[in-house]
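Given chain V, work out where chain B should sit, using these hints.
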Amino acid sequence: AQSVTQLDSHVSVSEGTPVLLRCNYSSSYSPSLFWYVQHPNKGLQLLLKYTSAATLVKGINGFEAEFKKSETSFHLTKPSAHMSDAAEYFCVVHSNFGNEKLTFGTGTRLTIIP
Amino acid sequence: NAGVTQTPKFRVLKTGQSMTLLCAQDMNHEYMYWYRQDPGMGLRLIHYSVGEGTTAKGEVPDGYNVSRLKKQNFLLGLESAAPSQTSVYFCASSPRAGAPYEQYFGPGTRLTVT
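Protein sequence lines correspond, in order, to chains V and B. Using our numbering, the final residue of the first sequence is 123, and nothing's skipped along the way. Using our numbering, the final residue of the second sequence is 115, and nothing's skipped along the way.
This is chain V alone, in the form it adopts within the complex (with noise of 0.2 Å):
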């Protein structure tokens, strides 16, 4: 079984701040995480993925995440925000034996403060 929980349902920060939104999953086997954002009216983009490799994952849009096994943790990060980064981010899981089909977390609403 698998599992994916978005921590904030909503985000604000102003412009030029740091972005933290945070996920933590559950998986029984070895998991592919994604990042997707959707911005309103659109459909889901893919920001970035983890897929076993490096476990710092760096995406689009100066976004990056890192995987910690230990805490069972993919948040996600930007350094500095920007007006175009408002939009729903949603945190996946893939479970990587014999299922292709993704869990999706609940969503985080960003909104960015001018």
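Hint data in this document are derived by calculation from the structure and do not stem from the laboratory. Because the structure is a prediction, the values reported are computed rather than measured. Keep in mind that the hints are not guaranteed to be accurate.
Below, computed lysine-lysine pairings styled on DSS-like, alpha-carbon distance capped at 30 Å [said to hold, decoys possible]:
no.	chain 1	residue 1	chain 2	residue 2
1	V	Lys110	V	Lys67
2	B	Lys15	V	Lys58
3	V	Lys58	V	Lys78
4	V	Lys51	B	Lys72
5	B	Lys10	V	Lys58
Which chain V residues face chain B? A few, computed with CB under 7 Å, are given here [what the hints assert, rightly or not]:
no.	residue
6	Pro49
7	Gly52
8	Leu53
9	Leu55
10	Lys58
11	Phe113
12	Thr115
13	Gly116
Across the chosen pairs, the derived CB separations fall in these ranges [stated by the list, open to error]:
no.	chain 1	residue 1	chain 2	residue 2	range
14	B	Gly64	V	Glu75	33 to 43 Å
15	V	Thr64	B	Thr113	41 to 51 Å
16	B	Gly64	V	Lys51	21 to 31 Å
17	V	Ala63	B	Thr16	43 to 53 Å
18	B	Thr113	V	Ala63	37 to 47 Å
19	V	Glu80	B	Lys71	39 to 49 Å
20	B	Met28	V	Pro49	23 to 33 Å
21	B	Gln18	V	Pro123	18 to 28 Å
22	B	Met28	V	Asn70	21 to 31 Å
23	B	Thr115	V	Glu75	41 to 51 Å
24	B	Met28	V	Lys51	11 to 21 Å
25	B	Leu70	V	Thr64	39 to 49 Å
Note that the Cβ used here is the ideal one computed from N, Cα and C, for glycine as well.
This is chain B only, laid out in the frame that chain V set:
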């Protein structure tokens, strides 16, 4: 390449009416998926297909049917719409199973059942 496209973008149905949502992808992907997105619940898998002519149930299949007659198309049908099916529906595709490949999402269809 258009990627993943969905038709229609918006639809309003009365209870008991039927409709079909069309998903098309031009990336020659094997796998296709239908999700629904409801507030505070992330994305939930309705049905998926591992190849032309095959379909399988996801997490919330009741009230929906699907067909994959051509590799590039995946249809989602509602035979008798209910207000509980008011949601945003997303189609996605991925290149193959058994590997942590990301899914590519369409822009969504917003369905309201009155």
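Task: Contradicted hints - numbers only - done: 2, 6 and 21
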